[in-house]
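**Student:** So the chains spell out like this:
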Amino acid sequence: MTDQGIGASVKRVEDLRFITGKGQYVDDINRHGQTYAVFARSPVAHATIKNIDVSEALASPGVLGVYTGADLAADKIGGLICGWMIHSKDGSPMKAGAHPALAQGKVRYVGDHVAVVIAETLDQAKDAAGLIQVDYGELPAVVDVGSAQAAGKAQIHDEAPNNTVYQWHLGDKDATDAAFAKAAHVTKLDIVNNRLVPNAMEPRAAIGDFDPGQDQFTLYTTSQNPHVARLVLSAFIGIAPEHKLRVIAPDVGGGFGSKIFIYAEETVCIWASKKVGRPVKWVAERTEAFLADAHGRDHVTTAELALDASGKILALRANTKANLGAYLSTFASSVPTYLYAPLLSGQYDIPAIYCEVDGVYTTTTPVDAYRGAGRPEATFVVERLLEVAARQTGRDPAEFRRQNFIKSFPHQTPVIMAYDAGDYAASLDKALEMADYKGLAARKAESARKGKLRGLGFSAYIEACGIAPSRAVGSLGAGVGLWESAEIRVNPVGTIEVLTGSHSHGQGHETTFAQVISSKLGVPIEQVSIVHGDTDKVQMGMGTYGSRSGAVGASAIVKAAEKIVAKGKRVAAACMEVPEDSVDFENGEFLGRGTNKKMTFGEVALQAYVAHKFDPELIEPGLKEGSFYDPKNFTFPSGVHIAEVEIDPETGHTRIDRWTAVDDFGILINPMIVEGQVHGGIAQGVGQAMLEHTVYDENGQLITGSFMDYAMPRADDVPSYNVSMTTTPCPSNPLGVKGCGEAGAIAAPPALINAITDALGHEEIAMPATPQAVWRAAQKSVRKQAAE
Amino acid sequence: MQAFDYRRPGTINEADLALKAAPGARLLAGGQTLLPTMKLRLATPDTVIDLSAIASLKGIARKDGGLAIGAMTTHAAVAESADVKGAIPGLAKLAGGIGDPQVRHRGTIGGSVANNDPAADYPAAVLALGATLNTSKRTITADDFFQGLFATALEENEILTEIAFPVPQSFAYAKFDQPASRFALVGVAVARTSGGVRVAVTGAGQGGVFRWTDAEKALSANFSAAALDGLKLDASNVLSDVHGNADYRAHLVGIMARRAVAG
Chain A
1 MTDQGIGASV KRVEDLRFIT GKGQYVDDIN RHGQTYAVFA RSPVAHATIK
51 NIDVSEALAS PGVLGVYTGA DLAADKIGGL ICGWMIHSKD GSPMKAGAHP
101 ALAQGKVRYV GDHVAVVIAE TLDQAKDAAG LIQVDYGELP AVVDVGSAQA
151 AGKAQIHDEA PNNTVYQWHL GDKDATDAAF AKAAHVTKLD IVNNRLVPNA
201 MEPRAAIGDF DPGQDQFTLY TTSQNPHVAR LVLSAFIGIA PEHKLRVIAP
251 DVGGGFGSKI FIYAEETVCI WASKKVGRPV KWVAERTEAF LADAHGRDHV
301 TTAELALDAS GKILALRANT KANLGAYLST FASSVPTYLY APLLSGQYDI
351 PAIYCEVDGV YTTTTPVDAY RGAGRPEATF VVERLLEVAA RQTGRDPAEF
401 RRQNFIKSFP HQTPVIMAYD AGDYAASLDK ALEMADYKGL AARKAESARK
451 GKLRGLGFSA YIEACGIAPS RAVGSLGAGV GLWESAEIRV NPVGTIEVLT
501 GSHSHGQGHE TTFAQVISSK LGVPIEQVSI VHGDTDKVQM GMGTYGSRSG
551 AVGASAIVKA AEKIVAKGKR VAAACMEVPE DSVDFENGEF LGRGTNKKMT
601 FGEVALQAYV AHKFDPELIE PGLKEGSFYD PKNFTFPSGV HIAEVEIDPE
651 TGHTRIDRWT AVDDFGILIN PMIVEGQVHG GIAQGVGQAM LEHTVYDENG
701 QLITGSFMDY AMPRADDVPS YNVSMTTTPC PSNPLGVKGC GEAGAIAAPP
751 ALINAITDAL GHEEIAMPAT PQAVWRAAQK SVRKQAAE
Chain B
1001 MQAFDYRRPG TINEADLALK AAPGARLLAG GQTLLPTMKL RLATPDTVID
1051 LSAIASLKGI ARKDGGLAIG AMTTHAAVAE SADVKGAIPG LAKLAGGIGD
1101 PQVRHRGTIG GSVANNDPAA DYPAAVLALG ATLNTSKRTI TADDFFQGLF
1151 ATALEENEIL TEIAFPVPQS FAYAKFDQPA SRFALVGVAV ARTSGGVRVA
1201 VTGAGQGGVF RWTDAEKALS ANFSAAALDG LKLDASNVLS DVHGNADYRA
1251 HLVGIMARRA VAG
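Chains as they are written, first to last, in my numbering: chain A, 1 to 788; chain B, 1001 to 1263.
There could be a bad hint or two in this list.
[To be verified] A few chain B residues facing chain A, derived, Cβ under 10 Å:
no.: 1; residue: Met1001
no.: 2; residue: Phe1183
no.: 3; residue: Asp1241
no.: 4; residue: Tyr1248
no.: 5; residue: Arg1258
Rather than coming from a laboratory, the hints here were simulated on the basis of the structure.
All residues carry an ideal CB built from backbone N, CA and C; glycine is no exception.
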């Protein structure tokens, strides 16, 4: 079985249905008597709602209902929640404004949900939505996070004076200030981490379906975590008790974080299905996705690095303003705090770190976790500081990093994290070799001869994945535990269903989890089905995000498989009439040690259900086991990426010539899928660094609200990647895995900006480094060269 | 998309009658602009007249020493045409660089030219080459045809039928892609004709495609990239947006013109 087990590059079993159009996404599902929801959205960024007149819409053909925030309030439907409590440095709890699913009294961003129309057809619903008359009392927009807290700015939520949600900090300020005071060199950077629009291939969608006979709700939704959606819709929003609410997240076409959250649309659809007595379907159009999917990143940071004369890093200091948008999305508060600042030690032994973060409301789309979630922002700060500090002090950026690498493990950083394992120099050495670092000078000269500017940039990133030990995150304010569940149901003929609380929306769990079973139970993956995404099948789960499904989800599967083997041994011992402690399990067979007796896995499964050969007082019939696995630590994937670019200074066009990635993800379950995750992650990072530009005008209108203006990376924007691995097994989980889903998106932006600034010969460029931005920066390079 | 009446005439004459019978009707060529616009409800015509069944609107022919391309000829057909590659290879290359394969197999030269998007590629070629635009009613020169953003000399009830290109001594088009849409942020077409050099610019003009007469004069005197040295397009009438301010676009016009001349 080893050709299909852990470590085998098995082709993804789910891909046949995906690439032949046989997937079942929410929009492929149609319920009998289905109606259609269209949301009337705010065209202005900030306004009081003086009046909403829905009478004309209600009278429009085919309309079954038009509802506003007042209708939700009348039914005692609660607002959307933020599930992570952050306390400010003065000890006060964060100041969160209400987040009604349909606006109550005020709108706070363009795209905010004002009303919903339910009609027989989609076109009728659209027609009617256009007839809703809203009388807005416009207020000033607050777009710029840097000035949103200033006196005199419009107040977005009464609860949050100066538009400030929290003023949080982490680390030892006095020790950090003292280290800076004695530094031989300080590097200081002003950094903007640009806002991104997630743009999963499948837009969000929902079908609410109320069954009056059973008094039962079913929600089909594009979710990365259907159980969390059910918990929030039941316990906080008050749609129905959990046993009366089933949430199904079928095939989901990409999430990248944006489908973690519980949004207004699914809340309204499930509620409205009972109001109109018919199933209610909503499918986002791309324009709605731009306006109303939670965005990512959007930090403004001042960061400093202190060195002694030998180049040893003494301390790091960062002050960040995080744009949280107009409302707190489900996990918004945690992303710029506990998912960000604890990563500011990077791969480096930094004795003192201090970070302050202001969470700020603006009249823009809410911001929440997006591939990497806080860790890309931290890595960008650390890796830009390292690169620039090396340049400023005349050090080789690779050797400067090596000098400051953490070299012994476990390592306790000054910012919460205890790194368990790693070998950062191994990744650096391999990457330098693969990237032909020694040949860089010759390649630069060759580019210069052609009138081009060539540059190389490093990114030695670390991330914290496998989120997370429940007690640890609980102590930091998380509202939930972050374990994962698994249940293994062995059928009488030995085929296996694995129910997991993880959710696959592109990651390939149906393949990788089956590979884990194949290794642990010795059965071919064709005999294994992975079941996920339905709260009626899987009892409870925490879902997929933060590169947690391997480290936490698959670990739960391993724990359940161990219980299956233990039970199987007892059944086999009874059948083979040997002592229980003399049964071994190898390659799918139960062996009586010291005898020639053996039973296959399937034979034992059958005997477990036939139940003729053992005493039911001692052994229960059946073969089904479950596990809830709570990790004992985060995992710490790391790696070194090296980007090499060539810039055409005449146009500002930047060509990525080479990309070297050496990652340490611990043990790999499926190297091909891992490599694919690295490829996709780098592409997303390239998008952030060079292409994706979320621009609001001063009135809060999203200027880049479609693919005509918002540039996603295309195949010809990225090079053929040179990807390799090093391996230090993770000691914190039974598989030794670390997580790979976000690494590329974390590593890539600083590698690229470091490469571009190396080519330019100065640091004055921000993300995204668009052709226009690079051209302007290159003019400065040309002038600088002329002056020299 | 709102409901509409759909007509699919088989001849230009039938199309004419259909247009007259339905004031405000929209002509559907390849649908690469009209259909997305209708889906977004930015256009809500009561009647759509699909020209795809009119055989005489399609095809490429050598005619009168030039090249005649039917208005309903797709970009892919132009890109792959041996006649186009033989007579004006730069035009085939331009057509092969429009959009993506899906767009090139649906979009048509007539649709593009009649729409006159300020960032479209074809208008630059039509203007630089001094093409003639034949309609159901008359013949219009390229210099008279393009009249501003999304505006042309086409009247109500007038159908563009064919574009006739004279064969130049040389023709080349260089464009710099807008990173998101991959339309031209700036595109410059340079045609060397018996009557002198014509330079047409797309993507940059506040009034859509235009001729850069200073460059034409310089290149007519000395057809080399060096002839453009020191020549700067006045940025005051150049478009500005998030992808390129006027100064950057004006600069790119110079660079793309040089690259087109260098071939």
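**Student:** Each of the hints needs a verdict: does it hold here or not?
**Tutor:** Verification of the supplied hints:
no.	hint	result
1	Met1001	holds, 7 Å
2	Phe1183	holds, 8 Å
3	Asp1241	holds, 8 Å
4	Tyr1248	holds, 5 Å
5	Arg1258	holds, 9 Å
In this structure, none of the earlier numbered hints is contradicted; all agree with it.
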